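Asks: Sequences listed follow chains A and B, in order.
Each residue of the first sequence is one higher than the one before, starting from 1 at the first, in the working numbering.
Each residue of the second sequence is one higher than the one before, starting from 1001 at the first, in the working numbering.
Be aware that one or more of the hints could be misleading.
A short, non-exhaustive set of chain B residues, derived as facing chain A with CB atoms under 7 Å [what the hints assert, rightly or not]:
id : residue
1  : SER1074
2  : ALA1089
3  : VAL1379
4  : PHE1645
Result set (SDA-like, lysine to any residue): computed pairs, CA atoms no more than 25 Å apart in a straight line [said to hold, decoys possible]:
id : chain 1 : residue 1 : chain 2 : residue 2
5  : B       : LYS1531   : A       : ALA112
6  : B       : LYS1516   : A       : ASN135
7  : A       : LYS130    : B       : LYS1531
8  : B       : LYS1080   : A       : PRO71
Calculated directly from the structure, the hints in this document are not laboratory data.
Since the structure is predicted, the reported quantities are computational estimates derived from the model, not experimental observations.
Ideal placement from N, C-alpha and C gives every residue a C-beta, glycine not left out.
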Amino acid sequence: MTNNTFEPTIIGFTCNWCSYRAADLAGTSRMKYAPNVRLIRMMCSGRLDPTFVLRALSGGADGVMITGCHPGECHYIEQNYKALRRFLLLRRVLTGLGIEPERVKLVWASAAEGARFASETTMFVEEIRKLGPLNWGKSSDQSTDNWSPITDNSPKEALA
Amino acid sequence: MSEKIGVYVCHCGTNIAGTVDVKGVAEWAAEHLKHRGVVIGREYKFMCSSLGQELVEKDIKELGLTRVIVAACSPHLHEKTFRTACKNAGLNPYLCEMVSIREQVSWVHTDKVAATEKSKAAISGGVERVIHNEPLEPIQVPIHADTLVVGGGIAGIQAALEIADAGYHVCLVEREPSIGGHMAQFDKTFPTLDCAACILTPKMVEIGSHPNITLLTWSEVEKVDGYVGNFKATIRKKASYVNTDTCTGCGICWEKCPKKVVDDVYEAGLGIRKAIYRPFAQAVPKYPVMDVENCTYFKNGKCKACQLFCPTEPNSINFEQKDEILEIQAGNIILATGYDLFDAKRIPQYGYGKLPNVFTSLEFERMCNAAGPTEGRVVLRDMKTAPKSVVIVHCVGSRDENYNKYCSSICCMQSLKFAHLVMERTGAEVYNCYIDIRTPSKDYEEFYKRVLEEGGHFIRGKVAEVTDSARLPEEEGKLIVQVEDTLIGKQRRIPVDMVILSAGIEPRHDAKEVGKLFGIACGASGWYTEKHPKLDPVATMTEGIYIAGCVQGPKDIPASVAQGAAAAARVLGKIQQGVIALEPIKASINETQCSGCRICNGLCPFNAIAFIEDDKVSSINPALCQGCGTCVAACPAGAISGTGFSDQQIIAQIDGLLLKNLEEPVAA
């Protein structure tokens, strides 16, 4: 599967208080990292609904990076531990679905750790590059052109 | 599609435009996201300028935009700017989203094509997300007019006085028995050589007698609840075993106390105090405290000399006193908890703790102080011999990869002050071993010149070792300082009587735990992180919590005072506003969808979710909800929604980022 020209697409879920600011700091400090990760800001890693990850992977992402405050440093006291629990469970679900659990990564990065954010991102891109494209959602039975935008009334079950 | 979305892409001069094809991105958005409601895609040199903002406002009015996307810097920088612009044009500010293509794209990537493509995807994600944004109103909360100041050093004192003088109540909490902090330990202050006590003690007295200040010494904050405007702090006032209502501070108790204890805090280990003590004569408040660990009565049940000799009626010594738990309401909190001195024992080759005549900077400060253990005489550890030669080692524990990488900023001036004082008081030869001399503030360079003219020797080189093993006859009985003089390129061995280690300063040993208590973060070096390193140096990421003095980073007295006053000004501004607008990011439960499973109840760390027995559903108290969204993610029925970060918004953004929304989907 390894392909040198393969550029993975990765969705990153970042905590507003730590890792999103770490990304800001990496920017302010002009640290360079791989351009493959597209970030979504959330108030807390605890906001991460595991179905978001499945939505991203089934929608064409090759990997998902979840970033939160270091254990014990959560802006909301302890919600990053809940993210950790969901992350561990999610990896088992992915294994059951036949997807390499390494496609989802959890990174702790504080607001001061711009360098860590940058290096972890680049490292993850390389890991996904080694795994190759996921191609979920691009198979014949589930063509991308029947995509329909979600509406505010979309039932929750349909979201995943 | 009923929405009309405007997309604005900022050049930020060349900050963005240097790496991203801004024009191409704006045109792409207008063309390829047209079917998603984008009616206009513009680019502008500086979107945050007034002309850039006017562009948005004009389009909202003329094109009837219902949603706005600004692709520029981080939302942490300019979200407010653009939301305000939207508001000015009559659009609900929460219908505007920012997409970060500077911090997250142009500044961190070098490949122009990849950066441009990533910008397009980010905008696509933003457009999909903003479609689901709802108009929101900020939550207005009243601000409690009281302020809690933690730490009674010079920064905390200044902050407390500024606020109290303006007519508002302040509660000042100090861990030690007296306020004054490190400054109270010093003798002279650079560069003017003012006597530290002469300028500090009047302020301390003012704190003690101010009608608007409640002073809680020998006390610690144990818990902080609430949020900006409405903090509730739980404070433990430790038992001092002295009844302050009747105590006059006469001092008979500590005169009579038979137990002598080495004073590691105030006297830096150089002097002694008693088991019942007041750290220094000008202490505020004037009442002593009992050191239970060393008190003979508490150890073996006998003594009570202090109680026996206490002349007050009724007796002021109360061995039954218990810790008090107080609850304080405050609208804002200023943290000014200061620093710890670098422990010079961590550098064993400098010999501190093994070689008696190696002193730390704080020991030397106490020695110089007329009220200190030597009454101001500069002497060796035998407490009588004056040194004939002294080496002052700069940068001890600072600018050192093995200890602290940062410059402690005060040590150069402190060392120059020491050099002056040694020469003035003993006439000894003084050698300063430095890496660089840094004297950037007002009148500092002049002070350096003065010490040079007074005959101080300066050796540019980092000291390798301080030893007492002599190689030459003239080194016998001396401390030998081994240093490379980098200006002449030679190794030198300087035999001297005394070595002063100009130790750097470090974050408090418990800074991290204290930070957690108040909900603020430490940076890589352990100092508290300010909201913005240049533009907002005393605010923190947590609304209503301010920092002043060395908690934010190493600084000298003038800078600490300036920050104390600045933090006070910020707090006064908030109090004057009366109310504060909070982000309306809250979770709420749709009761018709709630199955009453109660999974969410235990997930909330703020106890904001309660189960209503009668209706068999859960309900969220918006005043307690902090908006983390954990319950939203956990609800198996999808009954909880989070404003600002709803499932729809996030899922739409995922699809947008993956460019699923394009009419001809590209391979992502």
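Asks: Below or equal to 25 Å on CA atoms is what counts here, so check LYS1516/B against ASN135/A.
Replies: 43 Å, violated
Asks: So if I understand the rule, the pair passes when the alpha-carbon distance is 25 Å or less; does LYS1531/B with ALA112/A pass?
Replies: 12 Å, holds
Asks: For the pair supplied as a hint, LYS1080/B and PRO71/A, confirm whether the alpha-carbon distance does not exceed 25 Å.
Replies: Violated. LYS1080/B to PRO71/A sits at ~30 Å, over the 25 Å cutoff.
Asks: Close enough to count: is the Cβ of SER1074/B nearer than 7 Å to one in chain A?
Replies: Because about 5 Å separates SER1074/B from the closest Cβ in chain A, which is inside the 7 Å limit, the hint holds.
Asks: For the restraint on PHE1645/B, tell me whether the closest CB of chain A is nearer than 7 Å.
Replies: 6 Å, holds
Asks: Please check whether ALA1089/B passes as an interface residue: C-beta within 7 Å of a C-beta belonging to chain A.
Replies: With a minimum Cβ separation of about 25 Å from chain A (threshold 7 Å), the hint on ALA1089/B is violated.
Asks: Against chain A, is VAL1379/B within 7 Å by beta-carbon distance?
Replies: 44 Å, violated
Asks: Decide if the proposed pair is consistent with the structure: LYS130/A and LYS1531/B, CA atoms, cutoff 25 Å inclusive.
Replies: 39 Å, violated
This entry does not satisfy hints 2, 3, 6, 7, 8, going by the numbered hints stated previously.
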